[in-house]
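Asker: Model the full structure from these sequences, guided by the hints.
Those protein sequences? They're chains A and B, same order as listed.
Position one of the first sequence corresponds to residue 1 (this note's numbering), numbered consecutively onward.
Position one of the second sequence corresponds to residue 1 (this note's numbering), numbered consecutively onward.
Hints are computed from structural coordinates only; laboratory data are not their basis.
Warning: the hint list may mix true and false statements.
Here are the simulated lysine-lysine pairs, DSSO-like style, with alpha carbons at most 27 Å apart [as the list claims (entries may be wrong)]:
#  : chain 1 : residue 1 : chain 2 : residue 2
1  : B       : Lys156    : B       : Lys131
2  : B       : Lys49     : B       : Lys110
3  : A       : Lys82     : A       : Lys8
4  : B       : Lys7      : A       : Lys119
5  : B       : Lys636    : B       : Lys110
6  : A       : Lys120    : A       : Lys161
7  : A       : Lys161    : A       : Lys8
8  : A       : Lys82     : A       : Lys119
9  : B       : Lys111    : B       : Lys156
10 : B       : Lys456    : A       : Lys82
11 : B       : Lys3      : A       : Lys119
12 : B       : Lys7      : A       : Lys120
13 : A       : Lys82     : A       : Lys186
14 : B       : Lys111    : B       : Lys477
15 : B       : Lys7      : A       : Lys82
16 : B       : Lys529    : B       : Lys456
17 : A       : Lys120    : B       : Lys3
18 : B       : Lys529    : B       : Lys17
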Amino acid sequence: MITTRNLKKVYTTEEVETTALNSINIEVKEGEFVSIMGPSGCGKSTLLNILGLLDNPSEGEYLFLDENVGGFTERKRASFRKGNIGFVFQSFNLIDELTVFENIELPLLYLRVPSAERKKRVEEALEQMEIFPRRNHFPQQLSGGQQQRVAVARAVIARPKVILADEPTGNLDSAHGSEVMNLLSKLNEEGTTIVMVTHSPDYAEYGNRVIHLFDGHVVTENIKEQHNA
Amino acid sequence: MLKSYLKTALRNLTRNKIHTAINISGLAIGIACCLLLLLHVQNELSYDKFHAQHQQIYRMYQINRDPNGNVWTRSITGSAPGVRLKDDFPQIEAVVRFVCSRNLVSVGDKKIYEDRFFYADDPVFDVFSFKLTVGDPSMALREPYSIALSESAARKYFGSGDPMGKTININNRADYTVTGVFEDVPQRSHLQFDFLASLRTITSSHPVFNDDWQNATRTYVLLSEGADPAVLESAMPVFIRKYQDEEAAASLNYGLQPLADIHLNPTSVDLEGTTSAAKLYLFGALAVFILLIAVINFVNLSTAQYARRVGEVSVRKVLGATRDQIRQQFMAESMVLAFIASALALVLVELFLPVFRGMIQTNFEIHYARNPLALIGLLGLALLVGLIGGFYPSMVLSRHNPADILRKTFKSGRGGVYMRRALVVFQFAISAALILSVLVVHGQYSFLSDKDLGFKASGLVKIPLESSMLGRLPDMKEKLSVLPGVHGVTASTFGYDYGFNTHPQADPKVRHLVVIFADHDFIRTMGLKVIQGRDFSENYPGDQSRAIIFNRRTLDVFGDGFSVGENLLGYQGKLENNPPNAFKTVVGTVENFHFRDITEQGLQPMALVIDQSRYENLLIRVDDTGLSATIASIGKVYAQFFPDRPFEFSFLEDELQQVVAGELRQSTILGYSCLLAVFVALIGLFGLALHMTQQRTKEIGIRKVCGASSHRIVSMLTVEFALLVIAANIIALPVAYYFLSEWLRQYPNRVEFGATYFAVAAVACLLLALGTVSYQSLKAAGANPVDALRYE
Numbered sequence: 001m002i003t004t005r006n007l008k009k010v011y012t013t014e015e016v017e018t019t020a021l022n023s024i025n026i027e028v029k030e031g032e033f034v035s036i037m038g039p040s041g042c043g044k045s046t047l048l049n050i051l052g053l054l055d056n057p058s059e060g061e062y063l064f065l066d067e068n069v070g071g072f073t074e075r076k077r078a079s080f081r082k083g084n085i086g087f088v089f090q091s092f093n094l095i096d097e098l099t100v101f102e103n104i105e106l107p108l109l110y111l112r113v114p115s116a117e118r119k120k121r122v123e124e125a126l127e128q129m130e131i132f133p134r135r136n137h138f139p140q141q142l143s144g145g146q147q148q149r150v151a152v153a154r155a156v157i158a159r160p161k162v163i164l165a166d167e168p169t170g171n172l173d174s175a176h177g178s179e180v181m182n183l184l185s186k187l188n189e190e191g192t193t194i195v196m197v198t199h200s201p202d203y204a205e206y207g208n209r210v211i212h213l214f215d216g217h218v219v220t221e222n223i224k225e226q227h228n229a
Numbered sequence: 001m002l003k004s005y006l007k008t009a010l011r012n013l014t015r016n017k018i019h020t021a022i023n024i025s026g027l028a029i030g031i032a033c034c035l036l037l038l039l040h041v042q043n044e045l046s047y048d049k050f051h052a053q054h055q056q057i058y059r060m061y062q063i064n065r066d067p068n069g070n071v072w073t074r075s076i077t078g079s080a081p082g083v084r085l086k087d088d089f090p091q092i093e094a095v096v097r098f099v100c101s102r103n104l105v106s107v108g109d110k111k112i113y114e115d116r117f118f119y120a121d122d123p124v125f126d127v128f129s130f131k132l133t134v135g136d137p138s139m140a141l142r143e144p145y146s147i148a149l150s151e152s153a154a155r156k157y158f159g160s161g162d163p164m165g166k167t168i169n170i171n172n173r174a175d176y177t178v179t180g181v182f183e184d185v186p187q188r189s190h191l192q193f194d195f196l197a198s199l200r201t202i203t204s205s206h207p208v209f210n211d212d213w214q215n216a217t218r219t220y221v222l223l224s225e226g227a228d229p230a231v232l233e234s235a236m237p238v239f240i241r242k243y244q245d246e247e248a249a250a251s252l253n254y255g256l257q258p259l260a261d262i263h264l265n266p267t268s269v270d271l272e273g274t275t276s277a278a279k280l281y282l283f284g285a286l287a288v289f290i291l292l293i294a295v296i297n298f299v300n301l302s303t304a305q306y307a308r309r310v311g312e313v314s315v316r317k318v319l320g321a322t323r324d325q326i327r328q329q330f331m332a333e334s335m336v337l338a339f340i341a342s343a344l345a346l347v348l349v350e351l352f353l354p355v356f357r358g359m360i361q362t363n364f365e366i367h368y369a370r371n372p373l374a375l376i377g378l379l380g381l382a383l384l385v386g387l388i389g390g391f392y393p394s395m396v397l398s399r400h401n402p403a404d405i406l407r408k409t410f411k412s413g414r415g416g417v418y419m420r421r422a423l424v425v426f427q428f429a430i431s432a433a434l435i436l437s438v439l440v441v442h443g444q445y446s447f448l449s450d451k452d453l454g455f456k457a458s459g460l461v462k463i464p465l466e467s468s469m470l471g472r473l474p475d476m477k478e479k480l481s482v483l484p485g486v487h488g489v490t491a492s493t494f495g496y497d498y499g500f501n502t503h504p505q506a507d508p509k510v511r512h513l514v515v516i517f518a519d520h521d522f523i524r525t526m527g528l529k530v531i532q533g534r535d536f537s538e539n540y541p542g543d544q545s546r547a548i549i550f551n552r553r554t555l556d557v558f559g560d561g562f563s564v565g566e567n568l569l570g571y572q573g574k575l576e577n578n579p580p581n582a583f584k585t586v587v588g589t590v591e592n593f594h595f596r597d598i599t600e601q602g603l604q605p606m607a608l609v610i611d612q613s614r615y616e617n618l619l620i621r622v623d624d625t626g627l628s629a630t631i632a633s634i635g636k637v638y639a640q641f642f643p644d645r646p647f648e649f650s651f652l653e654d655e656l657q658q659v660v661a662g663e664l665r666q667s668t669i670l671g672y673s674c675l676l677a678v679f680v681a682l683i684g685l686f687g688l689a690l691h692m693t694q695q696r697t698k699e700i701g702i703r704k705v706c707g708a709s710s711h712r713i714v715s716m717l718t719v720e721f722a723l724l725v726i727a728a729n730i731i732a733l734p735v736a737y738y739f740l741s742e743w744l745r746q747y748p749n750r751v752e753f754g755a756t757y758f759a760v761a762a763v764a765c766l767l768l769a770l771g772t773v774s775y776q777s778l779k780a781a782g783a784n785p786v787d788a789l790r791y792e
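Answerer: What follows is the structure, encoded as structure tokens:
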């Protein structure tokens with residue numbers, strides 16, 4: 001589903017050139033749950049940006065669903081993203097001016113899903129994430145765990161092929177963290193591909209395999225056989 | 001989708017209350033000002049268009065040409081062409097002549113001098129759309145001594161009773177019968193009157209009136225539909241030659257001016273408050289400037305805010321929003337703001353309409369229902385402001401890379417900062433220029449009103465005279481001059497209530513000579529200074545018919561030709577309408593004095609000539625002490641001589657003030673508009689400063705932790721704004737200097753505006769800006785640094 005070949009990302013400012021990623025070759029199969037680990041500044045988020053079609057690589061190939069998307073323009077990336085990729089962020093990134101319901105509804109709005117259908121699907125998601133009673137609240141009125149559940153609901157509402165999660169537990173205490181991880185596992189079991197960046201070795205264990213990044217390189221890949229069975 | 005945009009927009013607006021309040025109030029003030037000024041301009045442009053046939057009505061004007069080829073025009077014609085035109089030209093459907101005169105109107109005990117009194121040809125109600133509410137439009141003025149009254153005049157003289165068929169006495173001489181009542185003449189008419197008497201009243205008793213090619217008659221023609229006024233104009237020379245000898249015909253021609261053009265293009269002699277296109281341009285420009293400043297605020301504040309919205313935009317893009325959708329969202333937000341501001345502007349317009357009316361001295365009304373232009377204009381304005389305000393932010397925000405969200409830090413682009421700075425400079429350049437303009441315009445007017453008039457205006461009582469009174473004048477003068485408290489009495493045509501006509505002279509040298517007819521006592525009573533030769537004197541009986549006294553200006557303009565003792569015979573200097581006294585001898589010259597108004601365009605050459613048959617006013621020099629007793633005794637003398645005339649008097653000084661006030665109006669409107677423009681610019685600056693200090697909260701905290709004093713923080717935050725304002729002044733002041741110098745050039749006596757004016761304008765601009773910014777700076781500098789660092 002996701003294949004990268006010699007992926008490279010270089011940031012150029014007026015004086016310095018920083019290589020964030022170098023010769024990244026990874027593959028993610030449909031239905032997999034892949035964790036990416038590494039110290040701060042190792043390029044995890046940069047990689048996730050590229051995988052999520054939020055950014056283009058400087059060099060190399062990126063095949064998403066067998067299509068080379070590495071050189072897409074922003075317009076093409078935007079339309080490819082829509083409906084194919086769901087995002088979950090460490091800082092939730094809910095829109096403060098929208099209610100829980102409206103936040104979750106947003107991707108469907110941009111997909112031009114009819115109103116009645118939107119209502120049905122959002123309500124299902126609210127039930128599934130157990131936040132139905134909170135549907136008319138604004139994000140500031142929710143706890144961190146509840147906010148992340150809204151974010152997860154928003155990420156899955158359009159039934160994307162893959163969910164990219166950038167430290168989804170980073171701003172949560174351990175109880176809420178586990179709650180969110182269980183939610184992601186459950187989605188994975190139902191068939192959604194997940195790529196997750198995390199600092200926590202414990203949460204990384206939820207994945208089928210862990211990719212370690214260091215200074216822009218992939219250093220090791222641990223495949224957990226028991227999950228592959 | 002639109003619903004979602006609007007919802008987000010409204011929630012955003014209510015969340016950032018200060019920002020929203022600043023944005024909306026600034027915009028509302030800007031739009032309200034703009035709307036008022038534009039409606040005023042529209043009102044001015046709509047003069048005389050209420051006449052249904054206005055496109056077919058033309059005013060005839062007279063073109064005089066001297067043998068040297070000099071040409072000048074007057075808006076009055078003689079009364080002769082009017083009666084002959086209709087027979088000679090089939091394309092002329094009707095001719096209406098007006099003669100205006102000041103008359104004593106008496107009904108019962110009520111005796112009042114009325115200025116708004118016209119005689120008119122009887123088709124007046126068929127040609128013009130003055131609405132007769134009672135009476136027959138085509139018959140009302142058919143008979144001599146018939147008169148129609150405005151509704152106000154009817155109420156004034158007859159109360160609630162029916163005036164129809166009643167009689168009105170005019171000048172204690174003749175009774176006129178009321179044959180009609182018309183709706184009060186709209187303010188948007190250049191012809192203003194309350195009494196309309198049949199012109200046949202004059203022509204039936206003085207048939208020669210219809211053969212006069214020189215007197216002050218205003219002639220209007222109604223052309224048949226589709227008739228070309230140019231064809232008629234080109235036929236005028238032949239028309240004139242048919243009735244005049246060759247010499248007279250060569251110097252005379254007539255032109256046609258469309259009715260609706262008169263208000264904005266007054267020719268030399270006019271009836272009522274005409275304005276000039278230049279003034280309207282000024283108002284239009286002010287409107288645009290104020291709106292521009294408000295829109296710049298709007299753009300500036302929106303772009304300044306956009307750093308705060310980047311997160312939201314990124315999320316939306318990550319979730320699938322396209323660039324167009326982001327653009328639409330911000331456009332929608334901008335529109336919502338613009339429409340709320342416009343609604344508020346409407347309220348402001350309603351609130352301030354009375355004040356504005358007082359300022360421009362017209363009672364113009366805004367009928368939104370009857371004036372679709374006002375509503376469409378407002379909607380258009382709101383739409384335009386919304387588009388402009390939303391364009392830049394929506395372009396910039398939609399261009400953002402959604403990956404910024406994951407980087408978690410976002411620095412607003414340098415481009416945005418530079419543009420904001422440029423816009424602030426632009427705003428303050430306009431503000432500085434306006435401040436300087438107000439200083440100079442105000443300086444000029446106070447300079448003019450403080451200036452020495454060349455005579456002492458205070459203590460001069462003016463009594464209007466009628467020609468029928470002139471026979472008894474010498475006796476009355478004698479009685480008045482011996483009253484206690486009276487220092488001098490003179491009769492003349494001098495006064496400020498009527499403009500003086502420039503008497504066209506055959507000699508080009510004296511063409512623009514203003515002639516004041518005055519008696520022997522004029523120079524002494526007025527206190528004018530004789531600088532050459534002598535005053536008029538009873539010791540020289542020839543003075544009565546031959547003497548002429550010039551002002552200094554005449555000598556300046558015409559050179560040595562008109563020195564004392566010079567006989568004007570050699571110059572063929574024939575004074576108009578004065579054939580028996582055609583040739584004058586210069587007996588003296590007086591120092592210049594301001595005989596017309598203090599702001600006239602160039603002090604004009606003037607001649608004093610004695611002519612007892614022409615005086616219009618009596619001027620009495622009185623003591624300040626015991627004024628009321630003196631006036632009472634003057635009134636008593638007046639009543640002895642003219643028991644059937646009401647005693648009316650005024651102080652020359654008050655009339656002078658009226659003239660100054662008229663000119664001051666322009667500067668008042670400029671002043672208030674400038675004040676508002678600067679205020680709106682400051683509102684914007686306040687918002688910008690608020691935003692910038694908020695953005696730098698963390699930086700300020702770190703600087704304080706590192707030992708920066710509050711003083712240093714304040715100066716750091718204000719220096720940038722100070723530099724911007726100084727840059728604005730450097731750009732604006734030279735430009736303003738150029739235009740103001742051009743404006744001042746029309747005044748022969750003008751205020752010198754030197755460094756002080758520039759310094760005051762620049763310092764005022766700087767202080768206002770710094771005052772606005774420093775509030776935010778002081779607040780930021782005084783804050784606890786720990787709070788600032790915890791802010792993240």
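Asker: Give me the numbers of the hints this structure contradicts, sorted from smallest to largest.
Answerer: 2, 10 and 18
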